[in-house]
Amino acid sequence: MPTDLRINGKTHQVDLPDDVPLLWVLRDEVGLTGTKFGCGVAACGACTVHIDGEAVRSCQVALSDVWGEVTTIEGLGSPDAMAAIQKAWVEHQVAQCGYCQSGQIMQAASLLAENPAPSDAEIDEAMQGNLCRCGTYPRIRAAIHSAAQKMQEA
Amino acid sequence: MASIAKIARRTFLIGSAAIVGGVAFGAYYVSRPAPNPLNPGDGEAALNPFVLIDQNGVTLFAPRAEMGQGVKTSWAALIAEELDVELDQVRVLHGPAATGYYNSAFIADGLPGRGYDTGNFKHAIGEALGHLGKTLNLHGTGGSTSMKDGYKRMRQAGATARETLKQAAAERLGVERAQLSTAKGVVTAPDGTAIPYAELAMEAAKLDLVETGLRPKSDWRLIGKSQPRLDMAAKATGTAEFGVDVRLPGMKFASLRMNPRQGGGMKGFDASAAEAMPGVEQVVNMGAGVAVVARNTWLAMQALDAIEVDWEDAPYPAETDQVFVKIAEAFDDAPNSVMRDDGNADTLPADAVELTADYQVPYLAHATMEPMNATALLEDGKLTVWCGNQMPTYTQMKCAEEAGLESEQVDIRTTYLGGGFGRRVEFDYAVLATRLAKQMPGTPVQLTWSREEDMRHDMYRPGALARMRGGVKDGQAVLLDGKVAAASPVAQAMKRLADLPQAGPDKVHVEGFFNPPYAIPNFRMAGHLSDIQIPVGFWRSVGNSFNAFFVESFIDEMAHAAGADPLEFRLDMARREWAPAAGVLEAVRDMSGWTGKTAEGTGRGVAMCYSFGTPVAEVIEVVEEDGSIRISNAWIACDVGQAIDPSIIRAQMFSGMAYGLSAACFGEITFADGAAEQGNFPDYDAIRMHTMPTTQVQVLETQAHLGGVGEPGTPPAAPALANALFDLTGKRARRLPLMHDFDLLI
Chain G
19 MPTDLRINGK THQVDLPDDV PLLWVLRDEV GLTGTKFGCG VAACGACTVH IDGEAVRSCQ
79 VALSDVWGEV TTIEGLGSPD AMAAIQKAWV EHQVAQCGYC QSGQIMQAAS LLAENPAPSD
139 AEIDEAMQGN LCRCGTYPRI RAAIHSAAQK MQEA
Chain L
4 MASIAKIARR TFLIGSAAIV GGVAFGAYYV SRPAPNPLNP GDGEAALNPF VLIDQNGVTL
64 FAPRAEMGQG VKTSWAALIA EELDVELDQV RVLHGPAATG YYNSAFIADG LPGRGYDTGN
124 FKHAIGEALG HLGKTLNLHG TGGSTSMKDG YKRMRQAGAT ARETLKQAAA ERLGVERAQL
184 STAKGVVTAP DGTAIPYAEL AMEAAKLDLV ETGLRPKSDW RLIGKSQPRL DMAAKATGTA
244 EFGVDVRLPG MKFASLRMNP RQGGGMKGFD ASAAEAMPGV EQVVNMGAGV AVVARNTWLA
304 MQALDAIEVD WEDAPYPAET DQVFVKIAEA FDDAPNSVMR DDGNADTLPA DAVELTADYQ
364 VPYLAHATME PMNATALLED GKLTVWCGNQ MPTYTQMKCA EEAGLESEQV DIRTTYLGGG
424 FGRRVEFDYA VLATRLAKQM PGTPVQLTWS REEDMRHDMY RPGALARMRG GVKDGQAVLL
484 DGKVAAASPV AQAMKRLADL PQAGPDKVHV EGFFNPPYAI PNFRMAGHLS DIQIPVGFWR
544 SVGNSFNAFF VESFIDEMAH AAGADPLEFR LDMARREWAP AAGVLEAVRD MSGWTGKTAE
604 GTGRGVAMCY SFGTPVAEVI EVVEEDGSIR ISNAWIACDV GQAIDPSIIR AQMFSGMAYG
664 LSAACFGEIT FADGAAEQGN FPDYDAIRMH TMPTTQVQVL ETQAHLGGVG EPGTPPAAPA
724 LANALFDLTG KRARRLPLMH DFDLLI
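Top to bottom, those sequences are chains G and L.
Sequential numbering from 19 applies to the first sequence in my numbering.
Sequential numbering from 4 applies to the second sequence in my numbering.
Treat the hints as calculated values from the structure; they're not laboratory data.
Possibly wrong hints are sitting among the right ones.
Computed footprint of chain G on chain L; a stretch qualifies when at least three of its residues, placed anywhere within it, have a C-beta under 8 Å from a C-beta of chain G [to be verified]:
#, segment
1, 70 to 82
2, 247 to 256
3, 296 to 309
4, 490 to 500
5, 577 to 583
6, 678 to 690
FRET-style restraints, in silico, Cβ to Cβ [as the list claims (entries may be wrong)]:
#, chain 1, residue 1, chain 2, residue 2, range
7, L, Q442, G, E132, 47 to 53 Å
8, G, S96, L, G253, 50 to 56 Å
9, G, Q31, L, P252, 16 to 22 Å
10, L, S184, G, E143, 55 to 61 Å
Each residue gets a CB set at the ideal place from its N, CA and C atoms; glycine is no exception.
Pulled out of the complex, with its shape left as it was, chain L reads as follows (with noise of 0.2 Å):
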């Protein structure tokens, strides 16, 4: 394979010159087809990368990796929706990792613009884009960009497919393909003759593939209605196989520790103790940590507490103040972007009263409930690593350079993943598993994470500040002036992935920052970077996880100052902006039976936010109970412009919303000496039944672009509940997590 970063030089020229319509090349290099990955054998065809047939019946494609969403059974139904197949009569599998599973929306969202504003010129042009995906290798899963990659090319998929085996059955009947209709996986002739697709599969590889047309909505099946998932009763019976299920002949069981100084490297270390303990087999050097191989996961873990490691410092500040100083910093340095600057933001409107607040959130961790782990075999020159992970191209890539072998020698398994959130777009774990197996060729080796090891080894959400200026007038706000600093997470993960710089103003670090939905006539968002080496990455919802909390907040100081009700003085400015953005905000007040009155002993708070193409407002309430504050209802509502899966949908926004809350109200990580405090769920606790609100979530249709789901829920929840909060005590929280400052039932 050709190295990434020349591949993705290539790309920029090719992206640069579609951004302004110079696509004749770009557009060609661009648009070759990526090799079929499946690979058929014999009595197999192979109609394109995402249906394959044979005498078994039909197997689906869905290489998008499976970590909750529903994602499994969404791509399938928009594959079956033109196929004429039913969900339960299919196989469905994950396929290996491969460039023709490239995620064409990854590069679309990266696009300049606010999002919502996009027009569908522009659209087209992200759509197009997209397709820089392929030459990236972006085989991947995050962003919430599963349903608008697959939405139109899977049904394409589907139903070329379909019109080719009808062209088979055609030909073999002595009939137009026009007389013949397709169901359940049969085609069907004017006289009744019935043919499996399986018995056409082999007809149909022979010939040209027959391009159609796709169905319009008011024939859909499947899309649009709730299915049934298609992991459930895997899930419900313990059989669902994750990661860290995976087992083998003559497997090993592996943990390990490394450096909790992240970036540190180890002086040495002592393992004479470990290596004298029960079921030890191995002690392994691991560069800045060590690895204990062993008969069984605990007795590994029981003989690395065994071992006495000096470890270097950190290449940051050893503690949790001067790590926020460091930041703070980077307000001294010019902006790495502007992305809004509407009117004058250096001038107060004449008779506008001004504000300003400053915020500040900390570090988190993903904390999915399976630890990280990977499974990896070296034999003969190959390496097969078994692991949950949502970028199966990249894992490939840098396990075969671990290894010293070429991507095409790297076989990865991508099983359920309990939990990404983000954390497994990283390869960290795999990588770890492959130095492992380099030590063992022949024998599989599971390595499995502790806890505490997790938790201390992320790519965290980054400590993010903000200062914020803000100007009323006449119930209305005149001016909003902010500036946010943090470290990139795209910035690192461009150096962990390819070792290249990031250039440019970085979108995702202020994304709910600059664009929210709402006209305000000086508005000026800007973005300062920190080179805090700290490692950050992609927390769900990324950027707008911080920026919603600090422009939702501020907004509601805003309305405060300027005597208005928060839900209507956003109401104002969205309406004035962008109507659906209106129509969340409508949809939770009515909900909620919002009035802008509270009883005594009852807050409410509102948030909006506009991320990954999607628009959703959350109403939250608070009540005080036996002198502690409980979150008893939220209501949330968003505007996916088309529902592919509702059930999903619901389950989704509630699901972002919960992994908000649970930050907003308990998450943090801190440092001392340079290691994260924190290492397991008593010192990161989460909403658990008792603690979690009553919930209505309403799905609505109405914009002309089909949004993401798995992240838009996660940034209104921390705003809402902080201006709940306010309501409640009249005490506003400008720093994060909550229960620092109120006494919230635990």
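Next comes chain G alone, as it looks inside the complex (with noise of 0.2 Å):
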């Protein structure tokens, strides 16, 4: 039966079994392919999405258990219209090989919505989940200060 799906403010009707992951069905049927698949077992972070707000792992969130609207990488901002946490990771040249960054970022975004001034092991805690075989953690670190600090300015 065709499920309507509330993503970045547009509606999309999708017609698939009820299992099958948000994870692919954004970046298989939807096309919006900024959220990654990574492992699978939501061990490595990298289809981190938010619903609601809330950010959770794409890979392990049935189709049926959508409960809410779905905010991806894209909803966040463009290349021309960057949120400020985006802006905040290009300014401090976080990226490597870029392939986490969709998810560090949204979830580093629903970290700074439930705590505008993170301390560092409050970092810690919140990004542990998400995986980065690059090593790009000082950066990552450091675009949250930054970024919490302009959404505190603006």
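With the hints as a guide, bring the two chains together.
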């Protein structure tokens, strides 16, 4: 039976088995490839998106369980109109290979929504599920602090 | 295309002649320009294969795989430096697979010698031999070579293009070329007339190229300064296209399961249940495995799980213990190489204290964040393959072989790489996608491996063993006598690439083993090759990744046996061998405030390795907290000769260390019933935000030659950490990963 999904402010109708994970609906059906497949078992965080603002691992959310509006990295901002956190990522030159960064940014955005001025320990706590094999962690931490400051000034 | 074996044989003759100085024929042949691969169309003038100018402006080609190391930005900066364009004015593309994009630094690194002892004469031979890369068709990215390769050639490309454009302007304006100046993509005459490069392109194309010298360092605008990375906005917005993001009209999604006993075949399979599953369109026999084509990747993966397969056995021992017994047998054979044999290592010098130790390190997976994948379309006798890869020309050749086509009929589109680390030097994923595309001509198909498939079908960092013997006297090392045994990535890669046997001493196997820049009077290092058939390949820093652990752990044992401070012990030996090696040790000593003493509950270790032309020293500090051990701080110093982009170098040094620490703490591939036991990140974890040390990096520029930066940060990480754990606990780590013997924070 077709399902209506709200993604980045638009409604998409998909006709797929109930158990197809949101990750694959986004990537292979809707064509939003900014959200990445890394492990399929919620161990790397590359597939992190928001549902009603909450960071979730989209590889673990079945289509039938999507309970609200989905926001992906594409919904956060675009190269011409970046969100503050994306600007901080550019300012700190965070990415190396870049594959994990959509998930890192979505996780960090959700952290900042809950906690506008996180400490290092709070960043550790929130971000430890997001793996980066290049080792961009120092700049991720710096970008989160920087985005927090900018968002408070704004 | 001629067969690779034939080209390689011809090249080896030339190469041998060039090494002994007989370069006449070889020099002519290997210096012949490669054909321009850009095939410019109407209104375009290709000044050389790295610069393209048309009405739309200037396009630079950085035909090196961007896998996070910033090569796209740094390569473009080298061209832009001399071309007088700004990086934000130009487009930078990877370009097609092409012999013209050969990597000249690959071969130079394979020359005999310790590396750091390279004088100018030998360095020049290395550069000349580098042109052999062209005849070997080595269009590739790896071995920390990109900047060594591009440093002069790309500036020359930019300078030649600039002067030729100026000549075109000179002829149009009737003035001397020397009177013209260039900046920001515009030629300006003394009277203020300004002509953009794009308007001169057609005229410049008709001229003979104007050769010119390179600008002095004092005039550089871009090199030596950190540039904003060209890929950053795309990577912060999810719009950078990786192989797995390629989307084509009518594209199907597929996944596969190959025999986890790698190299074993398939007796048969039953896909009846899978064929009836939702979204499944086709089940394909892949030879040693099976693929499912479906409406989306997940449905394909689900269907694969429902297929019963009868696998053949592996062509190697089925259990880890047996694997290492087999590797140890290589010690019984004559060594493949003894690349260092100074003094007399047979006899312990009088009054010296002798010590011995054996070490073992496991097989390791690359575990790139982006699992292996490729997209292929076979249509009208032409094959197009989209994938992140480090070796476009080999990928092209191997996909052509699979499809029964000539290389010219195969178009390789290289995307961003979601990590490479040496895994994407291989081409297996592209060949498998081609195999699938053959079954469905006219339909593009994307083949994505599950994480488990990726981890269980890798060309692993080989498991390795070392037997070390040393002698110390009066606080100094007087003897170092080591043997290493492992399978050879080079031997296996030569077989995979070209069905060529590996012949002669294997330098990669013993890199970091025979050439530590230490003066030790009796110093012999032997490499023993195992022919065990577990697939092995090029894992970030390759032989150095295990050899530095063996050498730098044992040096630490020798320092303690000698009653010396481990850092001062190394410094003394490095000062007598090669000043830049001493320089990086002094730098980490000063940065870390090394005193040789640590507080209760804190441990510090040091290690140094010279690899890919760059000496790197690291000090790692560990602390005991709440019953577990955390890596708290790290200090890294490297000497790269000339820093092209300091921010990228610092990022690469940290990245290399993080990769090395991840493996040292948690990384191992073990075997049961012939298959890798680890399949996903819960079994193969890495350093994360909360386990990452606070780190300072210092980039020195004292040595004479340009050093690589992508890999040299990795080798010192494991031994520096193991040495720190010894300092903290008094327990010597002689095997990895360390999580088995220490209670590490996870």
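(message) Going through the numbered hints above, which ones does this structure break? Give me the numbers in ascending order.
(response) 4, 5, 8
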